[in-house]
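Colleague: Each chain, written out:
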Amino acid sequence: ETGVTQTPRHLVMGMTNKKSLKCEQHLGHNAMYWYKQSAKKPLELMFVYNFKEQTENNSVPSRFSPECPNSSHLFLHLHTLQPEDSALYLCASTNQETQYFGPGTRLLVL
Amino acid sequence: QKEVEQNSGPLSVPEGAIASLNCTYSDRGSQSFFWYRQYSGKSPELIMSIYSNGDKEDGRFTAQLNKASQYVSLLIRDSQPSDSATYLCAREAAGNKLTFGGGTRVLVKP
Numbered sequence: 001e002t003g004v005t006q007t008p009r010h011l012v013m014g015m016t017n018k019k020s021l022k023c024e025q026h027l028g029h030n031a032m033y034w035y036k037q038s039a040k041k042p043l044e045l046m047f048v049y050n051f052k053e054q055t056e057n058n059s060v061p062s063r064f065s066p067e068c069p070n071s072s073h074l075f076l077h078l079h080t081l082q083p084e085d086s087a088l089y090l091c092a093s094t095n096q097e098t099q100y101f102g103p104g105t106r107l108l109v110l
Numbered sequence: 001q002k003e004v005e006q007n008s009g010p011l012s013v014p015e016g017a018i019a020s021l022n023c024t025y026s027d028r029g030s031q032s033f034f035w036y037r038q039y040s041g042k043s044p045e046l047i048m049s050i051y052s053n054g055d056k057e058d059g060r061f062t063a064q065l066n067k068a069s070q071y072v073s074l075l076i077r078d079s080q081p082s083d084s085a086t087y088l089c090a091r092e093a094a095g096n097k098l099t100f101g102g103g104t105r106v107l108v109k110p
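Line by line, the protein sequences give chains A and B.
With the first letter of the first sequence counted as 1, position 77 gets the number 77 in our numbering; the numbers rise by one all the way through.
With the first letter of the second sequence counted as 1, position 16 gets the number 16 in our numbering; the numbers rise by one all the way through.
Rather than coming from a laboratory, the hints here were simulated on the basis of the structure.
Please note that the accuracy of each hint is not assured.
[Unchecked claim] Derived pair list, reagent style SDA-like, types lysine to any residue, alpha-carbon separation capped at 20 Å:
{"id": "1", "chain 1": "A", "residue 1": "K18", "chain 2": "A", "residue 2": "E97"}
{"id": "2", "chain 1": "A", "residue 1": "K19", "chain 2": "A", "residue 2": "T5"}
{"id": "3", "chain 1": "B", "residue 1": "K42", "chain 2": "A", "residue 2": "K18"}
{"id": "4", "chain 1": "A", "residue 1": "K41", "chain 2": "B", "residue 2": "E5"}
{"id": "5", "chain 1": "A", "residue 1": "K41", "chain 2": "B", "residue 2": "Y39"}
[Stated by the list, open to error] Covered stretches of chain B (chain A as the covering partner; in silico rule of three or more C-beta atoms under 8 Å from a C-beta of chain A):
{"id": "6", "region": "44-53"}
{"id": "7", "region": "91-105"}
[Unchecked claim] Derived DEER-like restraints, expressed as beta-carbon distance ranges:
{"id": "8", "chain 1": "A", "residue 1": "A39", "chain 2": "B", "residue 2": "S12", "range": "37 to 45 Å"}
{"id": "9", "chain 1": "A", "residue 1": "Q82", "chain 2": "B", "residue 2": "L75", "range": "24 to 32 Å"}
{"id": "10", "chain 1": "A", "residue 1": "T55", "chain 2": "B", "residue 2": "K56", "range": "27 to 35 Å"}
{"id": "11", "chain 1": "A", "residue 1": "P61", "chain 2": "B", "residue 2": "N66", "range": "20 to 28 Å"}
{"id": "12", "chain 1": "A", "residue 1": "T80", "chain 2": "B", "residue 2": "N66", "range": "40 to 48 Å"}
{"id": "13", "chain 1": "B", "residue 1": "I18", "chain 2": "A", "residue 2": "L108", "range": "36 to 44 Å"}
{"id": "14", "chain 1": "B", "residue 1": "P110", "chain 2": "A", "residue 2": "F51", "range": "42 to 50 Å"}
{"id": "15", "chain 1": "A", "residue 1": "V12", "chain 2": "B", "residue 2": "E45", "range": "21 to 29 Å"}
{"id": "16", "chain 1": "A", "residue 1": "L108", "chain 2": "B", "residue 2": "L107", "range": "22 to 30 Å"}
{"id": "17", "chain 1": "B", "residue 1": "S40", "chain 2": "A", "residue 2": "Q82", "range": "35 to 43 Å"}
{"id": "18", "chain 1": "B", "residue 1": "I18", "chain 2": "A", "residue 2": "Q54", "range": "38 to 46 Å"}
{"id": "19", "chain 1": "B", "residue 1": "R60", "chain 2": "A", "residue 2": "L110", "range": "38 to 46 Å"}
{"id": "20", "chain 1": "A", "residue 1": "E97", "chain 2": "B", "residue 2": "D55", "range": "17 to 25 Å"}
{"id": "21", "chain 1": "B", "residue 1": "I18", "chain 2": "A", "residue 2": "N70", "range": "39 to 47 Å"}
Cβ coordinates follow ideal geometry from the N, Cα and C atoms, glycine included.
From just these sequences and the hints, can you work out the full model?
Modeller: Quick look at the structure:
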């Protein structure tokens, strides 16, 4: 266990659904990240939050909406997703030296 | 040109042999590099970080960095079947953002 937890671990949703992914870190880190990992593609950085402020949005479609209410929690709100959004969504946090990943949420959009 | 490039493999290695993985990067300003191991269906876990030219050893793992040639490598000595995984190379950009390569799949055969 890295000290970064994610829920749910698996999610199946239709294109008209709204769902949220949750990430929590128990490491006292101040920066948190969302990554997307699709089959046969490199890990893609989606969003970066430093001290609860979004500092990076890597041209992510608006159907993905992040929220960071405090330094320990990070959400990714999903709505009207497309089948090509099916992927492993990974949360990470950092102590400014090393990024620690959560176990990921495996998302399938039907 | 991709920012971080890796041979996708699979790299097939007999048990007990040395596995040699290579990674090249395009941004000469990159200062910090990381090797992550990712088992199938799991999230990446950090194996090594390296910041200076030369070798860095940790147990059976040795990372090598050559900034002039823009490559970083990972050697796994005495390879074990449990080392079978995908190995991700990453470089750190400003703001503690990581850019990942596509990963090299390693298969250690008993």
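Colleague: Taking the hints in turn, state whether each one holds.
Modeller: Hint by hint, here is what the structure shows:
no., hint, verdict
1, A/K18 to A/E97, "violated, 35 Å"
2, A/K19 to A/T5, "holds, 17 Å"
3, B/K42 to A/K18, "violated, 25 Å"
4, A/K41 to B/E5, "holds, 12 Å"
5, A/K41 to B/Y39, "holds, 16 Å"
6, 44-53, "holds (count 4)"
7, 91-105, "holds (count 9)"
8, A/A39 to B/S12: 37 to 45 Å, "violated, 21 Å"
9, A/Q82 to B/L75: 24 to 32 Å, "violated, 41 Å"
10, A/T55 to B/K56: 27 to 35 Å, "holds, 29 Å"
11, A/P61 to B/N66: 20 to 28 Å, "violated, 38 Å"
12, A/T80 to B/N66: 40 to 48 Å, "holds, 47 Å"
13, B/I18 to A/L108: 36 to 44 Å, "holds, 39 Å"
14, B/P110 to A/F51: 42 to 50 Å, "holds, 49 Å"
15, A/V12 to B/E45: 21 to 29 Å, "holds, 26 Å"
16, A/L108 to B/L107: 22 to 30 Å, "holds, 27 Å"
17, B/S40 to A/Q82: 35 to 43 Å, "violated, 25 Å"
18, B/I18 to A/Q54: 38 to 46 Å, "holds, 43 Å"
19, B/R60 to A/L110: 38 to 46 Å, "holds, 43 Å"
20, A/E97 to B/D55: 17 to 25 Å, "holds, 20 Å"
21, B/I18 to A/N70: 39 to 47 Å, "holds, 46 Å"
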